[in-house]
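Trainee: The chain contents come next:
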Amino acid sequence: MADESRHQELETTEAPASAEPAASPPVPEAAEASGNRVLSALRGILLPALALLAAFAVGAIIIIVTDFDLLGQWGSDPIGAIGASWSSVMRTYGALLRGSIGDPGALFSALFSADWEALRRAFGPLSETIVSATPLILTGLSVALAFRVGLFNIGAEGQLYLGSLFAVIAGFTFVGMPWFIHLPIAVAAGFLGGAVWGFIPGLLKARTGAHEVIVTIMLNFVSYNLINWALKTEFVQREGRPDPISKIVEPSAVIPPLIDGLRAHWGIVIALLAAVGVWWLLFRSTKGFEFRAVGFNPRAARYAGMSISWATVLSMVTAGGLAGLAGAAVILGGSGTLSPGFSPGYGFDGIVVALVGATRPLGVVAAAFLFGALRAGATPMQAATGTPIDIVVVIQALVIMFIAAPALVRAIFRIRAERRMGSEVFAKGWGS
Amino acid sequence: MTAAPAAPVMTRAERRLRTRQRILGVVYLLLAVGMVLAFGVSVGGDASSSFGLTAPTAPIALPNLVVPSATTAYLLAAVVAFAGAVQLTRGFGTRWAVVLGLVAFAFVFAFLTWVAAGQSMNLTGLLETTVQRSVPIAFGALSGVLCERAGVVNIAIEGMLLSGAFVSAVVASAFDNPWLGMLAAILVGGLLAALLAVLAIRYRVDQIIAGFFINILVAGLTAFLSVRLLQPYQNELNTPERLGPIAIPFLSDIPVLGPVLFRHNIFVYLLFGLIIVIHLGLFYTRWGLRVRAVGEHPKAADTVGVNVYWVRYSNVIMGGMVAGLGGAFFTIGSTGGFEREMTAGRGYIGLAAMIFGGWNPIGGFLAALVFGFADAIQSRLSILSIAIPSEFLLMVPYVVTIIVVAGLVGRARAPAADGKPYVKE
Amino acid sequence: MKLELRGITKRFPGVVANRDVDLIVQAGEIHALLGENGAGKSTLMNVLYGLYRPDDGEILIDDRVVAFDGPGDAIDAGIGMVHQHFMLVPVFTVTENVMLGVETTRGPLGQLDRRAARERIVEISERHGLHIDPDATVEDLPVGVRQRVEIIKTLYRQSNVLILDEPSAVLTPQETEDLFAVMRSLVATGTSIVFITHKLNEVLEVADRITVLRRGTVAGTTTPAEANREELAAMMVGRDVQLVVDRTPAQPGEPILEVRDLVVRDERGHNAVNHLDLTVRAGEILAIAGVQGNGQSELVEAITGLREPDAGDVLLAGQPLADTPRDVFEAGVAHVPEDRMEDGLIADFTVADNLVLNSYWQPPFASGLRLHGEAIVSNAETLVGEYDIRTPSIFNPVGNLSGGNQQKVIAAREFSRPIKLIVAAQPTRGLDVGSIEYIHRRIVAKRDEGAAVLIVSSELDEVVALGDRIAVMYRGRIVDTLSPEEATPERLGLLMGGAHPEDGEPVDLVGTAPAAGSEPSDG
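Residue numbers (the numbering used here), protein chains in the order written: chain A, 1 to 432; chain B, 1001 to 1425; chain C, 2001 to 2523.
It is possible that some hints are incorrect.
[What the hints assert, rightly or not] Mimicking DSSO-like on lysine-lysine, the simulated pairs with C-alpha atoms at most 30 Å apart in a straight line are: (1) C:K2420 <-> A:K287; (2) C:K2002 <-> B:K1299; (3) B:K1424 <-> B:K1299.
Rather than coming from a laboratory, the hints here were simulated on the basis of the structure.
Using the sequences provided together with the hints, build the complete structure.
Mentor: Quick look at the structure:
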């Protein structure tokens, strides 16, 4: 049996393990070691980058083969079809890029025109990317933190919903408070809501061994229904509305925009601060030391006097809280009101973000911006080229596959396996 | 480390079992009190509940079943209270599951008499809807049983259902043949399962991540394709012929049972057939013995010459085919056209039903019926103007699953090697 | 059926498990394969069973060379194996377990014919007096019965050669006697048996021929008639004690660790530690010798707070030792766990982090929630120098270090603070000679500083080299305590094998166990 518990240890991708700077500043004289670190950091980036490349390539194939006009052309004019396919894919991905970052030309000229309106329009796409990246950073951190402790938090979506409910209630209940009191309360309420929803699987795992994956999946569905119900109660539902929609939060609880007229809001700062906080917690605090120890080798952690139960509960509460913050940021920084289905799956995207970011806070931030850009660019892309926005979901799915199966990527790109073959095995049984 | 009492020592498992039994007893007692208050006291003393059993047009008509609402609730509460008292004091031993079923039945019936107090309710119709609603869940559960009995966790049931729904609609429309649609759904389910199997068995990707990947891949692809292909070619690609109900001669004329069980389309009969075949197969054939051995102790199976990898691959693919078939029910077996995300989490409820049903085909089907019943009641609440939010009924499957997984009630025991890759030495 | 192994050599990275091993098992004989832990017995048998491919040498059955690609081939050739860790599906019935892989079926769909299988099982079980209920579920059966199920499994497959890997390790004396009766009944019908063991009495009692393995090679072949216990023990452990540790005689002080009437159960609910008493004084090393699986691990886990004892006391300097690993750490106990990589270190953590794995939460390494990176680094730099840990950098993952250096990391972590007691289990397993000497020197140094030391080891050399007193543990109890002068390999080997030196009879622990709350050790 000992043999099986051994496999409980979580290894998402092998890179973070060795590449992680220890709880210590780099030592200058250890030039050799730091050289290795650069190398291993590069290697840490290489695999996700190749996974992305492969995913976009497969996405391109899907775009081409589902284009009936193009398919017809393959028969009559194969050479032309290749060109047409290429330009179709380029058009689609180009529109995606313009929708998420903006038109380089327009950006450039707007910068020099000093025309406020032109600037705002030019930076619109970037602003949308930031809007999407904000919750993704937080849910990505949520999943990544739990991963570090050996837990798979599929429940970020539900935690996000609970957080948004708590935040919106705190947002409209308190009236007449100054913003510097009300806003923190509303944001904290969001954290609390998610934390409660993370506490349940954490406690059940620690006390009864119930598998957190099943419990969090189930709690996601419970949360949807809970929200639907809450939105119909007199307390939450907006007066005079028949549909399930909440009251609007007080202006004092609204997260203000970074720049007037753009949708990007200060929530991104909250998210970045949370990333710093999680980094500190994981790599500079005693709790993080325990979290990582339990995640890597629960048996040794227990031998060293750490409490696995505590680490489980505490990390799930924190992970839930982070996802709850995401909910708060979306609601308080966006529409200011809660309605069912407001999240296009931020919680699930968080899993992709955490995997691509190799469960490192900095990596999570980078991955969140990447996938935020995909989300932001998808709508304009559909408008411009008619390619459905859901291609983004497909690409995300493929990224997961390529990230989760490094052997697959290595096989495709013919990279020699690293020293620790088979370390991508991270197996968890159901039950206890 | 002070001196522990030497005698009489119960092992920790025994103590936990005893505690659990006590908790269950207390729960029963609370349930009885709740039944008295909610279903008895709240109803007037002379109200009665009327249950319609047969349609007026039925060949054999039965009179409505009429019971006094409050009295029935009190009687059933008394039964539950008695069960609770016994459970608390001496326990039911191995028959606890039967008692739990009895208590659940008493509670549900009391609930129904309360719902129907002062009015009439079509019981047969309710049960018919229950079966309808539980079909895809049961297919999902069956798929899960096939995979997990061989030791591969399958949370991709949702994606397999959705792919089956999509492909069957498209193929049935394109070829004007619902049977081809059904076949295509089975194939695509098997294909996705093969992908899951390769990732999980060959590349040893974490099985949960692999399943999760398939779910979002299918969600994304079907949504993408329905915008790209189904919307412009709605008539050509998304108006499949549906497979209508087939009334089985004689059997379908039996009052209550007839409409509930024998007036459905082919999917329901296929489901019944598969449940029986897989159940018999798993527990009474060489194939089943080997499958279960691989799921419990692959190394032991290997040392006696069973090909662990072959068993796992074949079972996962079969599981995918079953889920694909179940997915076809959503379109050609029910509403017709495909809509994005139309499975709405049924695959996850199927997973829940599998767990609740103890990784057993028949158990999974019964659990699916329970969840289908909650769904059916929920869909009728508005008609019956009952003051329970439908959302709480919709939560039932999920909450029940959490309770089961946490081992608070009963013991759900997964195959011992479920989710663990097997590495040959 | 005659079985012959000729010149079998099997290498693993860094070790030669078997070197040029010859073994001949005649039809109808019980051939004992005797050796210490790690002598290469199991490897040899895995080669024979097709689980490993030999690097050199050949297997002959009835004088014909055969080659096995997997257990399937071995089974087909008539070889059956009862593994030390049973290969039974716990939730299956006896019948299901036995028939798995060679199912009797009827009908085209492969319906199981349980009745036919059941009848054959009953018939086999009656023929050899195995007493099995074919309908019982395996997980409900006691270990001894499970072993009989494994034997039936091989007989059901009509094996002519039966390999029993340490069959008596998990059995009570009574069960062992029953097993021997079964074995005799089997050879009477022409089956050959390879009986792997390290217990001298059992070998002399049941074997027809004995081959002794030592360090992967054949140390000799004999018969019970020609050999006696002392000769076998000497052959098994070798006469030469290689290791010599420079040390002065111990100066025992106050009792530090007192274990009184301790009972610890293992996972199966058996008394792995069975009313055990021991005392370790300040400034002395008590070494516990014994074959693995006689309760040593459970004893260590109970002392270090990892396992809850069922009865008895563990006192540290007269105070009850608290019951979590953290409390035990704070009380001043150093623990060198049995399995370095699984229990002692986190392979992915750096050397620096592993050096504070149990003290990271207290000053100077942390204040409140905050870790002090500089303190952790300077601690690591000091200890790496002091303990001669060879690592490219203190930021290297400890998993990349050699075994010896890994063990030095543990020693550095555990010994570099004021401690009253060291509990070290198998402290030098798998290490090179240099590292072994180094670890031993460190342990002796801590003793000389006044720490009490409890060593658990299955290496006789180590026990003799280190122990100021040497206790032998057998079936959950200390059967005897010797001085280093008394502890000849022969004597230790006898005690470890369960023979009492005075009367030469197996120690009957069930009979002599104290009355209070007693139950059979494997009950």
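Trainee: Check whether the Cα positions of K2002 (chain C) and K1299 (chain B) lie no farther apart than 30 Å.
Mentor: Status holds; Cα separation ~28 Å.
Trainee: Quickly compare the C-alpha distance for K1424 (chain B) and K1299 (chain B) to 30 Å and report which way the hint goes.
Mentor: holds (8 Å)
Trainee: Is it true that the CA of K2420 (chain C) sits at most 30 Å from the CA of K287 (chain A)?
Mentor: holds (28 Å)
Of the numbered hints stated above, none is contradicted by the structure.
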